[in-house]
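2 protein chains.
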Amino acid sequence: MCPPGCLHAVCETATRRGLLKAGFAFASAAAGLGAIAPVQAHAQATAARHSFSRVQDLTHTLFEGFPTFSGEKWFTVEKPVTWEKDKVNLHRWTLMEHTGTHMDAPLHFSKDGMSVDMIPITDLIVPLAVIDIRERAAADPDASLTPDDVKAWESRNGPLPEGACVAMNSGWHKLLDSPKFTGRDADGRNHTPGFHAETADLLIRERNVKGLAVDTLSLDPGLASGEFPVHYQWLGSGRWGVEAMAGLDDLPETGALLVVAGPKVRGATGGPSRILALV
Amino acid sequence: MCPPGCLHAVCETATRRGLLKAGFAFASAAAGLGAIAPVQAHAQATAARHSFSRVQDLTHTLFEGFPTFSGEKWFTVEKPVTWEKDKVNLHRWTLMEHTGTHMDAPLHFSKDGMSVDMIPITDLIVPLAVIDIRERAAADPDASLTPDDVKAWESRNGPLPEGACVAMNSGWHKLLDSPKFTGRDADGRNHTPGFHAETADLLIRERNVKGLAVDTLSLDPGLASGEFPVHYQWLGSGRWGVEAMAGLDDLPETGALLVVAGPKVRGATGGPSRILALV
Chain F
1 MCPPGCLHAV CETATRRGLL KAGFAFASAA AGLGAIAPVQ AHAQATAARH SFSRVQDLTH
61 TLFEGFPTFS GEKWFTVEKP VTWEKDKVNL HRWTLMEHTG THMDAPLHFS KDGMSVDMIP
121 ITDLIVPLAV IDIRERAAAD PDASLTPDDV KAWESRNGPL PEGACVAMNS GWHKLLDSPK
181 FTGRDADGRN HTPGFHAETA DLLIRERNVK GLAVDTLSLD PGLASGEFPV HYQWLGSGRW
241 GVEAMAGLDD LPETGALLVV AGPKVRGATG GPSRILALV
Chain S
1 MCPPGCLHAV CETATRRGLL KAGFAFASAA AGLGAIAPVQ AHAQATAARH SFSRVQDLTH
61 TLFEGFPTFS GEKWFTVEKP VTWEKDKVNL HRWTLMEHTG THMDAPLHFS KDGMSVDMIP
121 ITDLIVPLAV IDIRERAAAD PDASLTPDDV KAWESRNGPL PEGACVAMNS GWHKLLDSPK
181 FTGRDADGRN HTPGFHAETA DLLIRERNVK GLAVDTLSLD PGLASGEFPV HYQWLGSGRW
241 GVEAMAGLDD LPETGALLVV AGPKVRGATG GPSRILALV
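Taken in sequence, the protein lines are chains F and S. Take the first sequence: its position 208, counting from 1, is numbered 208 in this note's numbering, and each next residue is one higher. Take the second sequence: its position 258, counting from 1, is numbered 258 in this note's numbering, and each next residue is one higher.
Only chain F is shown next, with the shape it has when bound in the complex (with noise of 0.2 Å):
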């Protein structure tokens, strides 16, 4: 059974109509998710028309030793033939989804949400809406993102996009190689900025959002860590997530479209993902 404002593929029809009919949406050859085939078709027929001029990449370069959430090694990587040997270069890794600049599945937080791969490519390339928080973060590292930022943000550019994805631009992605960027402290506990629990609960009853990234390793603030309130109840609703983002702060508030380029893995509840904005 699914929760209020639940966007399970097999209850979501309802749903997506609705953004089609607002007009963003475009034709899919992916997911293979046969409740939302009609939606589809109906897609490639309204679908809008998008232009850009300038590709942003979102992505940080993952090596062995990025920073995890829970401070482990989570990638690593094996060189079972060289050059000198072989004349052939080909590398071993071994990785854990959610490393380096990843996305969530709704799986990663729920029983049995969508998996990476049953997530159309349709719901991945959306609006983009930036919320700057830099400013608060840097006074505090354990500060959220309110829901009084993002009436902030809409009384600015009017209301969110439809599908979009809110994106909270900490300055943490500047932070990769401090000590700040996990901010874990004699107790293990991590002091890094996330979306609050009530911005999380007001985009699920209020608005039409697809997606919620932040430039922290955890949606939740790290101090929510353990309880995961913003986990539990985003990706539990149907909804996915991105962490990790990096070079947010070359984009406008409003009018890039972002693409997740989510890793097509079977059951996959996450993964390393490259991470784009269309400008």
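If you're looking for bench data, these hints aren't it; they were derived computationally from the structure. There are no misleading hints in this set.
Quick list of in silico lysine-lysine cross-link-like pairs, PhoX-like style, CA-CA up to 20 Å:
id, chain 1, residue 1, chain 2, residue 2
1, F, Lys87, S, Lys111
2, F, Lys180, F, Lys73
3, F, Lys111, S, Lys87
Quick look at which bits of chain S chain F covers, simulated, 3 or more residues with Cβ under 8 Å:
id, segment
4, 89-95
5, 252-262
These numbers come from a predicted model, not from an experiment. Beta carbons are placed, not taken as given, at the ideal position from N, Cα and C, and that holds for glycine.
Knowing the structure of chain F, use the given hints to seat chain S on it.
This is chain S only, laid out in the frame that chain F set:
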């Protein structure tokens, strides 16, 4: 030292400038390649505007048991935590970089070519030319895409777009569930279509092409395994490839924009990628 037509970052400035003059350019926050920074700045000023109304996912879903070039298992998923016990889902992957729908970076078949993370994102979003050899490949799995196929395409569509990716549609993307996908015979040789070495030579010397893409597991025809003339020549020239692409039948011969959302992993020779067409 670089071969003729080399596109290595350190010696490509002149070539890139030519592409930019031709109007196909984006600004980029990627790469960090000092040598081309002035060219990127130029791109920001002159970038052409691109538009699309449809997104096509050209990515197969990756799973344990996805066919591989060598026949070995190249992708494994473990579940160190479970919803029942931990109330979170999170998997660990072990994979060889060249599994599933994936890209080949120059480093894969060269001593010191660019790794995936070194390729500017502007070089991974390019015009897509689809060359259809399905009929010939259906009759002969050892068929190859020849210079004549390129010329026939150009006689219908005009010159290959500057900076394009040339994709072979052999029909193999529909054979994933069939033994034909690898075409492995009793002697361990693969029978699959690919680019003829003379085609790679033509495209390097007489056209301005950034990438090759195939719907099989190798840029080279299966019977060229071991020799890999296209891999060595093409990747060795600093260009990239995409292998095991899906969904090619629903694309126009020309006019789409290819997005090669490769894994931004330091030093990667390639890796599973989300491949999209903007139409």
